[in-house]
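K.L.:
One letter stands for each residue in the lines below.
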Amino acid sequence: MDVPYYPINDYEPLIKGLVIGGLGITHVFLAQFAIGGGMLMCYFQWLAQTGRSPVARQFLDGYFKILVLISFVVGALTGVAMWFTTIQVSPRTIGVMVDEFHWVWATEWTFFCLEVVAGYAFYRCGRNLPDRSRMTLLLLYTVGAWFSLFWINGILSWQLTPGQWGEDRSVWSGFFNPSFWPSLIFRTITSLTIASLAACVVINTMTELRRDLRRELINRAAFCLSPMLLMPALGYWYLNVIPPDSRSWVEGGSAAMTMFMGIAVAASLLIGGYALVGLIAQRLYINGATATLLLALAFGATAGGEFVREGVRKPFTVREYLFSNSIRADEVALLREQGSVTADPFPLRNAGIYANEQLRLGAKVYRFQCSICHSMGGVNGLTHLAGTWTTDQKRMNIAKLQNTKPFMPPFAGNAEELEALVQLIEWHAAGMPRTWETTSNATVLAEIRQWLDEAGTESATRREVALIREER
Amino acid sequence: MDRTFPFGFPGATAFYLTIYVLTLVIHVLFMNYVLAGTGYLLFCRWRDGSGSIADRGLRAGDVLRDWMPFALSGAITAGVAPLLFVQILYKENFYTANLLLYHRWMVILPVLIIGFYMLYLLKTQWIERRSALTRGVVTLGALFCFAFTGLSWTENHLLSTDTASWPGLYESGSMVYYHRELLPRLGMWAVGSIPTMALLVAWQLYVLQRSGQEPNELEPRRLALLAVVGIALSVGCAGLYGYQMTSEVRSHVTGVLAGPFLLAGVVGLVIQIVAWLDQGKKTRFCPRALAAGSAGLLLTIIGMTTVREAIRLASIDVTPLYVRHAESAEKGGLYVFLAFFGINAVLVAWAIRLTRSRVVHSAD
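Protein sequences, first through last, are from chains A and B. Just remember that the numbering used here sits 223 ahead of the position in the first sequence, which is counted from 1. Just remember that the numbering used here sits 65 ahead of the position in the second sequence, which is counted from 1.
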């Protein structure tokens, strides 16, 4: 079994999760705007060609231009950026995803091509085409865009709920996993919501139209917000199919998860409430500022939802298969035996700053096992998290890491590496002095080994799931 | 390697290599259009700014300005497929090079976004009302963005094959990688993009010519001259690049593995030159000459893209990767991909066909 080693970059004082999270949220928002935009435009084209709305066509052409300028440029490139950033953050995770699902990704690409061609065809020629051709192009665009979501949703939801894939390793077992359908329907409605709110912003910029015409368009766009009524049921469905330990964090087990879930729900409720009272019941006129604010709320809801989706996967990037730190579940035992960084070919970048060899070993262990989610003194910093622990407490808590915090993976190195990591944290906490004593107490190492053995090499998730089921 | 690409490799490896090269060829067509097209636009800015040309009719610059954003979108879309397969074929090499170049690599994304918007800006009436200097700066900015992206890809590619340099480069913290092959290789690809762009624009002008929008009568000759100069320059750069290669790599390129493809590339160049010389004598675009040029171009691009791969295969020991390629090939989904590839190809063709529908609306 060969564990691949990559040259890991230091993001101090930030962490990699923040970078991929920020980019991911932006990309998801823009991509969902493109998907919902297609559906919304089909609706407006239908309004135009059936004579139900005299200005629908005018709005549609303007809206599409904005969609192309934003979604086809920033949306498309942030999609590529997601790939590159995932390589930067966790090359092994993207490697597993590509290995398993490359034909699914290739299939998605064919729909992406359809989306781009149909979109540009409408963008260039739509104004001069008959209604039937316009509608066909918009439908082709929408099919391309929505199926892109369909395929990518299978891969993303597989990460949290691989389902039968865990046993049979079949692509289709993994793709049509337990959270596939609730996630797909939820995202479809989210897409429509974002597109509708963006439409309200665009309509407010059409100052050449009379206010009553703008109002009519806004009410039509707001009609597309009505599927939001299904969101609570879909959210409930989704929460029911995700692993019980992941669900427990959202339900209060993790303050951060619960808070972000709360933000997503509250923002969605605010949008839904405004849509219901103001737009669908037509009690209020929505001006540009309010529409923008609602769109910002939708961004907040997307951000909260994506944070939760990423967060509840911990300690895995692929449930029960690959840990967040890119170590496979079945490699932990081996790495404990041979050492996690013994075979790492990449030297430290600033080896000279460390006071001794043990700290250099600790720095390598930190880089390999911890740096994906932690910094040393910045965001989620180890010196803050473990700062108040005594030295022995650090040794035990890290040795039994999956028991200390169930969303942490097991420590995947030997006792010497663990001691080196503990010393590194203490050295950093002490302000990185020039001299630092090397610890090599055989009793301490024996104790660490015992703790490591007691904790075992499995994650705590299975035990936690059993406990939760027992409680219920 | 004692057999021609890709036959000397096990089935799975050969399959992924072939599909990678084929998808890369499509990407290269779009990429060449954008890179050389932006360069040509800059030339047009300078030429028009100097007031030396005052002729009538459609010109290549008009077409390029109009189609450039779509071409870039096409380049990005077409680039996704080879990006997928390169991860199957050379996962660790590609990922490591990405990580070593770090911010320097990632910066291509905002740079591409800026370049993309500059292309849209070049289409607007707003820019036409600005001074020649402003127009020139925007065009130069776009060219810089794409040239930088090209440089970064070349750097990344060369680094991915130079495994010995990885620990040292990582330790140094440098995000810049220089290799003696970098500039000639980049130069070859950059000037090699000119004939592709010239041919694609010529086809566009021919289509417009057929629809009654007459191109400027000097345009066929200008494009022919441009293409021939591009071919001559790329041959020069290729010679320099070949000179920089180690004898081992050169033997792969000229040997059994890639020799036939190199020959195909050269034959393609000859066909292109003949076709352009024929086209250059005419004042209107001639489909026969353009078709011959297209055949030559395709031969050259397929040949050179395969040679590019052979150079990589000479630098990386792929033997240990055979097992992983075989494992990847066992994953399901190929038939679903093929089915949707076919369906979506038809739908794409339908979408293009729809744009030819009769105009009925003119109210707005």
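In case anyone wonders, no lab produced these hints; they're calculated from the structure. The reader is advised that the hints may include incorrect statements.
To be verified - Footprint (simulated), chain A over chain B, 3 or more residues, beta carbon under 8 Å: (1) 100 to 107; (2) 392 to 405.
What the hints assert, rightly or not - Some chain A residues near chain B, calculated using beta-carbon distances under 7 Å: (3) Val-226; (4) Pro-227; (5) Tyr-228; (6) Ile-293; (7) Phe-295; (8) Ala-304; (9) Met-305; (10) Val-319; (11) Cys-336; (12) Ala-341; (13) Thr-359; (14) Leu-360; (15) Trp-369; (16) Gly-475.
Said to hold, decoys possible - Calculated lysine to aspartate or glutamate pairs in the EDC-like style (CA-CA distance at most 16 Å, straight line): (17) B/Lys-396 <-> A/Glu-681; (18) A/Lys-623 <-> A/Asp-676; (19) A/Lys-623 <-> A/Glu-687; (20) B/Lys-396 <-> A/Asp-322; (21) A/Lys-623 <-> A/Glu-529; (22) B/Lys-396 <-> A/Glu-390; (23) A/Lys-617 <-> A/Glu-670; (24) A/Lys-623 <-> A/Glu-693; (25) A/Lys-628 <-> A/Glu-681.
For glycine and all other residues, C-beta sits at the position ideal for the given N, C-alpha and C.
K.L.:
Taking the hints in turn, state whether each one holds.
P.N.:
Okay, the hints, checked on the actual structure:
Note: the stretch 100 to 107 of chain B has 0 residues with beta-carbon separation from chain A under 8 Å; the three-residue rule is not met and the coverage is violated. With 9 residues having a beta carbon nearer than 8 Å to a beta carbon of chain A, the stretch 392 to 405 of chain B meets the requirement of three or more and the stated coverage holds. Restraint check, A/Val-226 versus chain B: the minimum CB separation of about 12 Å is more than 7 Å; hint violated. Annotation: A/Pro-227 was flagged as interfacial toward chain B, and the flag holds, the nearest CB pair being 6 Å apart, inside 7 Å.
With 7 Å as the threshold, the beta carbon of A/Tyr-228 stays out of range of chain B, its nearest partner Cβ sitting at about 9 Å, so the hint is violated. Checking A/Ile-293 against chain B: minimum C-beta separation of about 10 Å lies over 7 Å; hint violated. The beta carbon of A/Phe-295 comes within 6 Å of a beta carbon in chain B, closer than 7 Å, and the hint placing it at the interface holds. Because the closest C-beta pair between A/Ala-304 and chain B is about 5 Å apart, less than 7 Å, the hint holds.
Hint status for A/Met-305 relative to chain B: violated, with the closest Cβ pair at about 10 Å, above 7 Å. With a least beta-carbon distance of about 10 Å to chain B, the hint placing A/Val-319 at the interface is violated under the 7 Å criterion. Given the 7 Å rule on beta carbons, the hint for A/Cys-336 holds: about 6 Å separates it from the nearest Cβ of chain B. Hint status for A/Ala-341: holds, given a least beta-carbon distance of 4 Å to chain B, under 7 Å.
Evaluation of the A/Thr-359 hint against chain B yields a held restraint, the C-beta minimum of about 6 Å falling below 7 Å. The restraint placing A/Leu-360 at the interface with chain B holds, with a minimum CB-CB distance near 6 Å, inside the 7 Å limit. At its closest, the beta carbon of A/Trp-369 sits 13 Å from a beta carbon of chain B; the interface hint therefore is violated under the 7 Å criterion. For A/Gly-475, the suggested interface contact is broken, since its CB lies about 37 Å from the closest CB of chain B, more than 7 Å.
Taken as a hint, the B/Lys-396 and A/Glu-681 pair is broken in the structure, with Cα atoms around 27 Å apart against an allowance of 16 Å. Proposed proximity of A/Lys-623 and A/Asp-676 is supported: the alpha carbons are some 9 Å apart, at most 16 Å. For the suggested pair A/Lys-623 and A/Glu-687, the alpha carbons sit about 15 Å apart, so the restraint of at most 16 Å is met. Restraint check: the Cα-Cα separation between B/Lys-396 and A/Asp-322 comes to about 8 Å, which is no more than 16 Å; the hinted pair holds.
A distance of roughly 29 Å separates the Cα atoms of A/Lys-623 and A/Glu-529; the hinted pair therefore is violated under the 16 Å criterion. Distance restraint check for B/Lys-396 and A/Glu-390: the Cα-Cα separation of roughly 15 Å lies within the 16 Å cut-off, and the hinted pair is therefore satisfied. Among the hinted pairs, A/Lys-617 with A/Glu-670 is consistent with the structure: their alpha-carbon atoms are about 12 Å apart, no more than 16 Å. A C-alpha spacing of about 23 Å is found between A/Lys-623 and A/Glu-693, which places the hinted pair above 16 Å, so the restraint is violated.
Between A/Lys-628 and A/Glu-681, the direct Cα distance comes to roughly 13 Å. Compliance with the 16 Å bound is thereby established for this hinted pair.
The structure shown violates the earlier hints numbered 1, 3, 5, 6, 9, 10, 15, 16, 17, 21 and 24.
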